[in-house]
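Peer 1: If you read the protein sequences in the order shown, they are chains A and B.
Just so you know, the first sequence maps onto residues 1 to 296 in my numbering.
Just so you know, the second sequence maps onto residues 1 to 303 in my numbering.
Some hints could be false.
As the list claims (entries may be wrong) - Estimated spans, in silico, between C-beta atoms of each pair:
#, chain 1, residue 1, chain 2, residue 2, range
1, B, E91, A, L38, 40 to 50 Å
2, A, M69, B, G67, 50 to 60 Å
3, A, A273, B, E4, 50 to 60 Å
4, B, G67, A, L158, 55 to 65 Å
5, A, L158, B, N15, 49 to 59 Å
6, A, F285, B, D87, 46 to 56 Å
7, B, T18, A, N210, 32 to 42 Å
Claimed, not checked - These stretches of chain B come out as covered by chain A in the derived footprint (C-beta under 8 Å, 3 or more residues):
#, segment
8, 53-59
9, 64-78
10, 90-96
11, 104-117
12, 211-219
Hints are computed from structural coordinates only; laboratory data are not their basis.
Cβ atoms here follow ideal geometry from the backbone N, Cα and C, with glycine treated the same way.
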Amino acid sequence: MMPDEKAHQRVREPAPGDAMSTSAEAARRIIGRARETLRVLGITIRFNQLTVWRTPMAAFFTVIFPLLMFVLLASLIPGSVEIEGVMLSLAQFYAPAIGCFSIASSTYTNLGIGIAFQRDDGTLKRIRSTPVSATTFVVGQVVSSIVLAGFGFLMMILVGVLAMDVSFGAASQIPGAVVSFLLGSTTFAALGVALAALTPSATATPAIANITILPLAFVSNVFIPMDDPPTWLRVVGDVTPLKPFVSQMSNTTNPLLSGVSAWDWSNLGVMAAWLLAGALVGVRFFRWLPPVRKPR
Amino acid sequence: MSGEAAIEVSNLTKNFGTVKAVRGISFEVSKGELFALLGPNGAGKSTTVDTLVGFRKPSGGSVRVLGYDPYARDREFRERIGVVLQDVSRETALTVEENMRLWGGAYRSRLDIDHVLSLVGLEGRRRRRIKSLSGGERRRLDLGMGLLADPDVLFLDEPTTGFDPEARREAWEVLKAFRGLGRTILLTTHYMEEAQYLADRVAIIAGGRLAACGSLDSLLGGERPQLTFSLPAGVAAEEMPDRLREGLAGDGRSVRIVLRSPTADLAEITGWAAARGLELGELSVSRPSLEDVYLSLVAAAAE
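Excised from the complex, chain B in its bound form:
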């Protein structure tokens, strides 16, 4: 195994017939790191996860997880990973506890079932049959099944879809604590706040390629703050300074500009407005969120 990387993806491509789902992706995830894959539907996230857990064979490039070739599906490899797939698992007539005891028995080592039930907040549901659980509860059971063997690497494909906000917070705490024990986690998500709260590093996939990859700070740090306001009625666009006019949106009223040197720029703009006695509506200065970065990268990749 090379160095401290738990997951190594190198120039991965995957085609389905003529459809190129993944077109050359490379990244590494260190041991103990929580890594988030973001991207629109159809970007290649699930296909990437599928190759990492050994469901699909790469068309090109290579993937290594804990030093294993996932597609060989060694028994040892399967003992050490946990997988929570996008599809909610089937409704069965087994109870929550039976399901964990039965399938947990297939692993050589696993966590205590009471402990896992409390981690995912299903203690009160242990004797309920799985088919009588709500969708969110079944999703929590999926998460519990993924954690059951205390895997060294945990793969989560949109794990908190269908959770209420409280359950989502609780799941986040479980994942954070799990990472705190030195386990590696790779998750895909559509929730930017999930990635922002949990991830050490983020990769954004669009159109089968990596649009960005790095720590949150590096993704957000390069972004300058923005000023937004709406132009008061009665002020014609032509009256604005040139550089304000560049930021005017199509509606002819709202303005969004990037501040290259924030203090001086603000002084210039507010000076211009104050000198004319204008009150700029909805005036705000903000740092871009992960969502802004994400949307601009995805839009750029689509062009």
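Chain A with its partners taken away, still in its complex shape:
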């Protein structure tokens, strides 16, 4: 039990700026800091990935559940749908749409709820007393949620192609698809951080997340393809981030729509605006400490 002097030795990690020369001191210090930040970021991402994949319920709801919805909706509802003047099978329509919804669940819903609970149970507070800065910890979770979202979307493509007779991807569309994915997932992650920042307590977060994302899905061509929606529904869809995201992902992953430009600037612009808004609100209103119940 007792620590004897021999066992009680510090194991030293190489520190940035160890043995630095005077000439390049400043540059090396900056590089050292950046490397250290990246290293710590790597630690938090690894922590998150281990946690997600070892929690079957979390993996199920973020990856398997949207897949299930996709297969059910595409199999149960007969018929086809017209998008941009092209007739598509429902599976072809649903794959990117529910794929986007799955991305939004991984980032906005899961991330927002996760961070709010970590704030309330003192995890963020605890992290703040270690060399892992809490900012790095939160950014690590953002990156981690985007990785998970990408995995979910790839699974959707895979199942669609292998089992649902969906055709995916003209090579020329890939850059547009990657940019749209990154912009969309980052936007919803920023909104997730903003959600965590604005909710008074963690227990309210799941309700607020669902009451915002579900109605949005209905005006964004996720569950029900709307041929000719009423004007107000169309406007609400156009100025919120999910519908532009769905539109981008289906335009860029569907070979039948390869005639449609992958770079619809109004879609990308609306997403970028929400990304900025989410990030500003998130940074401005973020709280690290749990709500004060009583002074102690």
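On the provided structure of chain A, position chain B as indicated by the hints.
Peer 2: Then chain B, alone, in the frame of chain A:
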């Protein structure tokens, strides 16, 4: 850094809205010292610890730890402190060893993980997932995480709550040995015997103010021994000498008096009883414990 003080708190105040949680506290903790903060719930202990580790900004006054302003949260500062908070950490799917290896990797230097696991008695749990540990085991993991970087100053907020008596003893030995290596420890606790066993110095906080601060000897030394007994049936209170009657409790039977000159006082009291052929029930003379001092100070502060 001034002198040999590891922690300097000067006239610290902290308000939450209109609630004054801390109302002007000053104390210093020397390097290598084990300092205990005692006080009832709501006294301001955790708020004080929160400002010392940089979670909260003081409303007034100043705090310095190792010469750093904690609220600036310098990376160097965070490398050198260890913190065990009151809330037990979250249950995760990581194993004990993974958790230590992963988060320990964030420090520039840390202790060997086998060594830390043996310090907190978790060698047999290293491959268990944290969510499968008992509450006491998770608390020991918290302590291990606090020790992991071999910090120069270790802050512990009620560290042994939820420990069984044996685990508590073991944790005490770890903290004593850690202090023996020259590290500074500040802990808050509700267990008087913990403070009495471990602490070099003790501060008692009540109502956001310091009610007392000093070594155990100085806190207890000023206290005189007490005599307690219960009055035999059939003896009326009026028959007692005046100064015994002053110590009579509300129940009209039990008596507790402070002995100003113990030998002479005892002779007088036992002489009075023996002359009347009385046997004083539950007769005992005792020095007050830290608990007695604590309770009387907290009661005085509440008035």
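Peer 1: Could you tell me which of the hints above the structure violates, numbers in ascending order?
Peer 2: 1, 6, 12
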